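Student: One-letter residues, chain by chain:
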Amino acid sequence: MKKSIYAIAFVLGLTSWNLQASVDIQTWTTSKGTKVLFVEAPELPMIDIELKFDAGSARDNRQPGLASFSANMIGTQTAQLTEQAIADGFNDLGAQFGGDVNRDAASFSLRSLTRADLLNPALDLFEQVINQAAFSETIFQRDRQRLIQRLQQAEEQPARVAQRAFWQGLYGDHPYAHPVSGTVESVESLNIKDLEAFKQRYYVAQNAQIAMVGAISRQQAEKLAEQLTAAMPKGEKPAALAQPKPLTQAQNEPKTEVIDFQSAQTQYFTGQIAVERGHPDYYALFLGNHLLGGSGFASLLVEEVREKRGLVYSVYSYFAPMRVAGPWIAGLSTANNQAMQADEVVKQTLQGFMKDFDEQKLADIKSNLIGGWPLRMDSNRKILGYISMIGFYDLPLDYLDAFPRHIEQLSKAEVLAAWQRHINPDQLFTLMVGLPE
Amino acid sequence: MRLRLIVVGLVTLLATSGLKAADQPRLFEAQLDNGLQIVVKQDQRAPVVVHQMWYRVGANYEPQGLTGVSHMLEHMMFKGTETMEPGAFSRRVSQMGGRENAFTSSNFTAYFQIVGKQHLAEVMQMESDRMANLKLTEAQFQPERDVVIQERLWAVEDRPSSKLFEQFKATAYLSSPERNPVIGWMADIKNYQLADLQDWYDRWYAPNNATLVVVGDVDPHEVVELAKQTYGQYPARDIIQPRLQPEIKQQGMRRIELKDATPVPSIILGFHVPSLVSADSADEVYALSVLASVLDGDSGRLTQEMVREQQIASSIGTFYRANGRLGSQFFFSAQPQAGVDIEQLEAELIKQIERIKTEPMSQQALNRVLAQAEAQYVYNQDSVQAQAMSIGMMVSVGLPADTMETWVDNLRQVTPAQLQAVAKKYLHTDNMTVGILRPSGETNRRPTAKPDFGGRSH
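Same order as they appear, the protein sequences are chains A and B. Numbered according to my numbering, the first sequence spans residues 366 to 802. Numbered according to my numbering, the second sequence spans residues 364 to 821.
These aren't lab readings, by the way, just hints derived from the structure by calculation. Please read these numbers as outputs of a predicted model, since none were measured by experiment. It is possible that some hints are incorrect.
[Said to hold, decoys possible] Straight line, CA to CA, 27 Å or less: simulated BS3-like cross-link-like pairs of lysine-lysine:
no.: 1; chain 1: B; residue 1: K498; chain 2: A; residue 2: K726
no.: 2; chain 1: B; residue 1: K498; chain 2: A; residue 2: K673
no.: 3; chain 1: A; residue 1: K731; chain 2: A; residue 2: K712
no.: 4; chain 1: A; residue 1: K602; chain 2: A; residue 2: K588
no.: 5; chain 1: B; residue 1: K788; chain 2: B; residue 2: K720
no.: 6; chain 1: A; residue 1: K602; chain 2: A; residue 2: K620
no.: 7; chain 1: B; residue 1: K553; chain 2: A; residue 2: K673
no.: 8; chain 1: A; residue 1: K620; chain 2: A; residue 2: K564
no.: 9; chain 1: A; residue 1: K397; chain 2: A; residue 2: K588
[Said to hold, decoys possible] Simulated DEER-style distance windows between Cβ atoms:
no.: 10; chain 1: A; residue 1: D465; chain 2: B; residue 2: N743; range: 19 to 27 Å
no.: 11; chain 1: B; residue 1: L607; chain 2: A; residue 2: A481; range: 48 to 56 Å
no.: 12; chain 1: B; residue 1: K553; chain 2: A; residue 2: E724; range: 40 to 48 Å
no.: 13; chain 1: A; residue 1: Q517; chain 2: B; residue 2: Q613; range: 47 to 55 Å
no.: 14; chain 1: B; residue 1: R389; chain 2: A; residue 2: G537; range: 39 to 47 Å
no.: 15; chain 1: A; residue 1: E709; chain 2: B; residue 2: D559; range: 53 to 61 Å
[Unchecked claim] Partial chain B-side listing against chain A, Cβ under 8 Å, derived:
no.: 16; residue: R454
no.: 17; residue: E507
no.: 18; residue: S525
no.: 19; residue: K526
no.: 20; residue: A624
no.: 21; residue: S662
no.: 22; residue: R664
no.: 23; residue: Q700
no.: 24; residue: A738
no.: 25; residue: Q744
For each residue, glycine too, the CB sits at the ideal point set by N, CA and C.
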């Protein structure tokens with residue numbers, strides 16, 4: 366049967382050639398000292414811009430939720446414009462304004478068409494919303510109530526409870542431990558002065574990065590980056606984050622925590638603190654994880670937990686490398702009466718994988734990663750995500766081109782060695798939320 | 364350039380029409396002798412192709428007692444054919460570096476792969492194989508049913524808002540199969556027999572009940588050639604459509620309440636309205652679509668007044684899907700701010716709905732919706748998958764493939780008076796279903812649990 370396929374391909378001239386996708390990233394620094402990354406993408410008359418600050422929840426400093434709430438206040442008012450005027454302003458232009466906060470960063474994004482009569486006013490508004498942001502007490506009070514309500518709701522949602530408790534258990538005293546949007550108690554104790562001080566400290570040019578992908582020229586891009594940062598205080602970079610202390614130093618045995626919770630399924634996470642962005646072992650860890658639990662139906666966890674035993678709808682694992690060491694996490698949810706069995710299968714699969722795995726499976730998963738590399742860059746939005754990450758974590762500009770080459774060269778022994786350096790199956794932190802049996 | 368392997372074709376296109384290229388529909392349509400419909404859209408930005416196979420079958424084709432069978436069958440479609448081992452299709456796509464999956468809705472079931480364009484022929488061969496040669500066995504079926512049971516627990520049982528929506532639909536639709544949950548009722552899932560799946564497969568999986576959608580860096584004529592050599596080898600079959608089960612006329616408000624361990628109540632209001640498929644006049648559909656956009660979002664009147672000014676709602680939204688095969692609902696959903704009770708929120712929401720009928724929307728509000736829709740059309744082209752989706756969703760309910768290409772022009776014809784007219788005609792309480800999620804006063808946290816993530820350790 367396969368023969369006929371290749372015959373068809375040959376006839377139509379669809380013989381496989383190497384798909385060498387490459388992203389040409391340009392980078393420079395604005396006069397205020399803001400790093401810029403830019404990819405020219407002339408095919409569609411649109412642009413994506415992201416302004417990113419080292420101002421994620423790791424900067425909350427004993428006030429969980431501070432970074433997230435500060436970012437949420439951006440776009441609610443400026444010296445001249447009300448909340449409604451800002452929303453109408455972007456919408457009238459067909460532009461999309463957004464914000465996002467994670468543990469490492471706060472990001473603000475603008476998507477606009479590049480027609481001058483739309484892009485110019487959209488940029489003016491974007492710039493104004495950030496650099497002339499005014500925090501109103503009324504809006505602060507209202508949105509704090511809304512946030513508290515959402516947090517209260519999250520406390521009754523098993524998946525949210527598990528997510529929060531897992532990071533807490535894994536990171537202990539480190540600022541990565543607390544939930545990005547805070548807790549009911551911590552948000553209740555925030556006031557608007559805290560938020561203003563946070564904005565003034567962190568939303569500054571030296572602590573900012575601009576990433577852009579779209580149908581504009583380098584010259585336009587330079588002008589645009591200057592415009593976004595001209596009125597921004599110069600400020601300075603914050604101090605480096607503390608290194609998290611691996612759980613393994615605190616105790617020498619696997620830790621399992623159960624939160625009793627009335628739910629149909631047990632929410633399950635297991636993992637460890639692993640590596641930061643840019644760690645030389647990341648390629649080998651990533652490749653190994655792709656085989657273990659990072660590639661859907663091609664991964665061992667899906668094969669063992671779902672396909673062979675029907676225990677779950679979804680099971681996965683991933684590394685989340687961050688500014689300082691991020692976690693490796695495996696997760697699933699299953700009916701309470703299967704939770705202990707699922708836990709056992711996950712751990713056996715991990716242990717088996719770390720002892721040895723099939724060379725053919727490694728070859729297949731490499732082929733998946735390398736062959737699928739162009740798919741990771743087939744849209745402006747995806748490219749924006751990558752260049753923003755490259756800039757923010759100071760990765761080399763050829764990171765995207767080099768990644769598949771690194772993958773190609775890795776041997777099984779190297780993958781196993783990297784895993785053994787960073788993951789110890791005897792010292793996992795495991796969390797279950799539900800009524801596991 | 365973003366990707367260095369850009370093809371000559373694109374350069375020509377841009378040279379002749381400038382940036383307008385992005386605005387030009389580039390749909391190519393064909394039909395094979397066996398009835399398979401084909402829609403191809405060229406997008407040469409990356410050497411990637413999305414290949415989707417859409418079957419005209421979904422939850423609203425299902426009889427009582429067999430709800431969710433389309434979705435269960437979708438799962439089984441990965442379990443091998445006469446010549447391919449279970450999971451082999453997925454493994455092969457993975458080796459290619461591709462991504463693949465499937466999804467089921469009320470109106471359709473669809474399968475897709477996103478792969479480097481040199482792999483198109485092979486995925487078409489494999490997809491056509493499982494259109495005709497699926498091998499259904501007990502050994503594969505039993506564990507996969509367990510997977511679907513877990514999927515339902517995950518997607519519905521532990522999520523009160525999903526449960527509310529499921530029960531809301533079953534209340535808004537009494538006689539129409541539109542009431543069926545896509546994943547199926549739990550009892551139905553547990554009662555499926557292998558023969559049910561075989562029957563469902565035999566009944567619906569045929570080239571004349573399917574649409575092939577391909578978007579990417581491809582030549583449409585080559586795609587048709589490949590389709591002839593793959594899908595073309597299977598004959599058309601008689602497709603017996605389900606008997607018509609129209610929704611009975613609603614004559615008065617319907618209400619449902621769900622009590623659950625949630626600290627915050629929420630409400631859904633829904634009104635029976637036409638879709639592009641069921642409408643006598645498409646103008647009403649465009650008006651409803653504009654109305655939903657005018658009301659929804661951070662510029663919308665509902666957020667402006669109920670969230671910002673009156674501070675009654677903590678969130679509020681409007682939703683209308685224009686492509687339901689069996690009509691549609693015009694939805695409002697909201698949560699009250701702390702201290703506001705749900706009855707008050709409902710009353711205020713109904714006042715807002717009455718206002719739509721008496722106070723015309725400004726032309727500026729309409730222009731805003733048009734500006735967003737026009738921009739969205741361009742943004743949508745950033746993703747090959749999104750482009751293919753917007754074609755497949757229309758064709759699978761019998762609408763023209765280019766429905767989205769002319770969408771904005773159709774919205775542009777809508778006037779403020781038409782918005783009032785559709786609101787008067789459809790958004791009245793005799794045509795309304797209300798769903799309320801009410802806190803039961805209980806908590807999911809058992810008394811032993813400590814609020815500071817304590818729990819017990821062992």
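Student: Does each hint hold? Answer for all of them.
Tutor: Here's how the hints hold up against the structure:
1. B:K498 - A:K726: Between K498 (chain B) and K726 (chain A) the Cα gap is close to 25 Å, so the pair holds against 27 Å.
2. B:K498 - A:K673: Holds, because 18 Å separates the two Cα atoms, which is no more than 27 Å.
3. A:K731 - A:K712: holds (24 Å)
4. A:K602 - A:K588: holds (23 Å)
5. B:K788 - B:K720: holds (9 Å)
6. A:K602 - A:K620: violated (37 Å)
7. B:K553 - A:K673: With Cα atoms ~19 Å apart, K553 (chain B) and K673 (chain A) stay inside 27 Å; holds.
8. A:K620 - A:K564: violated (38 Å)
9. A:K397 - A:K588: holds (13 Å)
10. A:D465 - B:N743: 19 to 27 Å: At roughly 21 Å between Cβ atoms, N743 (chain B) and D465 (chain A) fall inside 19 to 27 Å, so the hint holds.
11. B:L607 - A:A481: 48 to 56 Å: holds (53 Å)
12. B:K553 - A:E724: 40 to 48 Å: holds (41 Å)
13. A:Q517 - B:Q613: 47 to 55 Å: violated (35 Å)
14. B:R389 - A:G537: 39 to 47 Å: violated (56 Å)
15. A:E709 - B:D559: 53 to 61 Å: Violated: the Cβ-Cβ distance is about 33 Å, outside 53 to 61 Å.
16. R454: It holds, given that the least Cβ distance between R454 (chain B) and chain A is near 6 Å, below 8 Å.
17. E507: holds (7 Å)
18. S525: violated (11 Å)
19. K526: violated (11 Å)
20. A624: holds (6 Å)
21. S662: holds (4 Å)
22. R664: violated (10 Å)
23. Q700: holds (6 Å)
24. A738: OK, holds: A738 (chain B) within 8 Å of chain A, min 3 Å.
25. Q744: Hint holds; Q744 (chain B) Cβ to chain A Cβ min 6 Å, cut 8 Å.
In summary, the structure is inconsistent with hints 6, 8, 13, 14, 15, 18, 19 and 22 from the numbered list given earlier, while agreeing with the others.
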